[in-house]
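Colleague: Please model the entire structure based on the sequences and the hints provided.
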Amino acid sequence: MIEKTPILDIFTYIFLMVGILIVGFPIIYSLIAATLPLEDVSKVPMPLIPGDQFMVNMKEAWTRGNLGNQIFNSFIMATGITVGKITVSMIGAFSIVYFDYRLRVVAFASVFCTLMLPVEVRILPTYEMAANLLGPLQGLWDVLHLNGLVSWFAGHDIEVSLNWSLLDSYTGLTLPLIASATCTFLFRQFFLTVPEELCEAAKMDGASPMTFFRKILFPLSKTNIAALIVIEFVYGYNQYLWPLLITTNPDMTTAVIGLQDLIPQADDLPEWNVALGAAMMVMLPPVLVVLSMQRWFVKGLIEKEK
Amino acid sequence: MEEASVYIHSMIKRSTFKSGYLPYLLILPQILVTLTFFYWPALQGLSQSFFLSDPFGRSSKFVWFYNYIELFTDPLYLKSIVTTITFSIAVATVSITLGLFIATMANRALRATALVRTLLIWPYAVAPAISGILWLFLLHPSYGIVALTINNWFGTEWNPVLYGKDAMIMITMASSWKQISYNFVFFMAGLQAIPRSLIEAAAIDGASPFKRFWAITFPLLTPTFFFLSVMNIIYSFFETFGVIHTVTQGGPGGSTNILVYKVYQDGFVGLNLGSSAAQSVVLMSLIILITFLQFRYVEKKVQYTG
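Chains as they are written, first to last, in the numbering used here: chain A, 1 to 306; chain B, 1001 to 1306.
Treat each hint with caution, since some may be false.
[As the list claims (entries may be wrong)] In the EDC-like style, the derived pairs of lysine to aspartate or glutamate whose C-alpha atoms are separated by at most 16 Å in a straight line are:
{"hint": "1", "chain 1": "B", "residue 1": "K1013", "chain 2": "A", "residue 2": "E196"}
{"hint": "2", "chain 1": "A", "residue 1": "K59", "chain 2": "A", "residue 2": "E196"}
{"hint": "3", "chain 1": "B", "residue 1": "K1211", "chain 2": "A", "residue 2": "E3"}
Just so you know, the hints here were simulated from the structure itself, not pulled from any lab data.
Modeller: What follows is the structure in structure tokens.
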């Protein structure tokens, strides 16, 4: 502090405490609700002293919401998106920064154009694409009248319809979300700050491009990778619209979407204790990831958005 | 334009690798995913928006700009635009103000800064849909504690199930709460980047802490401020889908039906493919415009602080 301002300091701490309380209140309150029996949670106002039903509510939420299965699905989706995104964008950025080839600028520009275009703005066509990956080829097939050609070859009528659906599959949950211009940009930005001498030295020692990537570039990128792991894991785990569309089988639903079924509707028993208990369990994995990797997370968030 | 191409060309290492096919192989996954899940769907959406098709996709007719004309003469769509703008301004204002306030306080505090950061950072990891569930409980008309407090203080009957204004306040609270920690992280970084010598010089000249905030800190934070405005508006345009879906589902009477939710409802629930595609195209143009404005005006200012 620059000068002594005792009164202002007291207010600083009071306001800070109020701020933390505002931020923490919804969770504290929900945690208390998750410990109460049904008759207490529906009391007006709800008592603020925790009850002893925590484990009972949690168990009920776990089985009723099929949370084990759904959290597993979310986990696969989040991990798939994280690993996929980081791998794809890292080797992509390596190609753009460390090689000089004819289509480099085209490749770079075509990735650049997708910056900031979230899946939400192109849901319907992307869904159709995922519903049948071979759809565009089918169009080509029809235009070329290949059905006729095949039938002529076979000597009888054959109807060929190309179909490869990603609906209700882990591939469908992850693959469309792993193309990310922002990650490629982050790596590109970072690679550009790596000293030129490292590459020159590696080349002089006769290292191949991939050896350079594995032995020098990858170890140097570790902090960036750690930061991206946190951000992309949270992003993947918390996806909503895409899994909502692409999964119809309840066994493939992700946890964040499955919670919807536990919210008490107007005619149900107001079992908020169970619903909120489930919400606490579902939000735990990404919160733990952020808290345990806080240092990289803050760095990554700021670097990524720069 | 020339500036841009020079920029792209110069962004490569001086010493590069020579390899015939390797760079293409490295960029291939990124290009493939981008083509399949960005460009093809975007083109598909664009072309669909010029067709009128029946819900079963059996027939479609080329109708020029019919879908767009229908859209912009539809009072429901115009209402949705107003709703989206109101909502995003409300979310940005609430979450940026609180984020800045808490960050300023945390920056003044001398003790326990690491603990304070930990306590404020984790809501970032909570999915919008879960944030929606927490606030649905807090603002529940019959037993939500915040709802009861509002009833007592303002003497009005709070009911987000019946009143559009209340529903709007509810989704604004649920969406802003989660975003406070995001804004906090950026303001904190911005505050810590301000040289102490500037603040000290002003203090020696006799400027009070408030004066220092408005005359030095706040102007130096403007780049962060602009950047966060854009990010919060984009967040409230798209990522809040989860909040709307769990909390109000666009209701009551379409009062919380923001644009992205309307695309989903018209396309996947109403099966009005042409209109949904046209809406996607409008959203896409909108986000391209925002990105362009950000690059054009905000990025320059960010460089100012270095």
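Colleague: For each hint, tell me whether it holds in the structure or not.
Modeller: Tested hints:
A distance of roughly 7 Å separates the Cα atoms of K1013 of chain B and E196 of chain A; the hinted pair therefore holds under the 16 Å criterion. For the given pair, K59 of chain A sits about 57 Å from E196 of chain A by alpha-carbon distance, which is inconsistent with the 16 Å threshold. The hinted pair formed by K1211 of chain B and E3 of chain A meets the criterion: a straight-line CA distance of about 14 Å does not exceed 16 Å.
In the structure shown, a violation is registered for the earlier hint numbered 2 alone.
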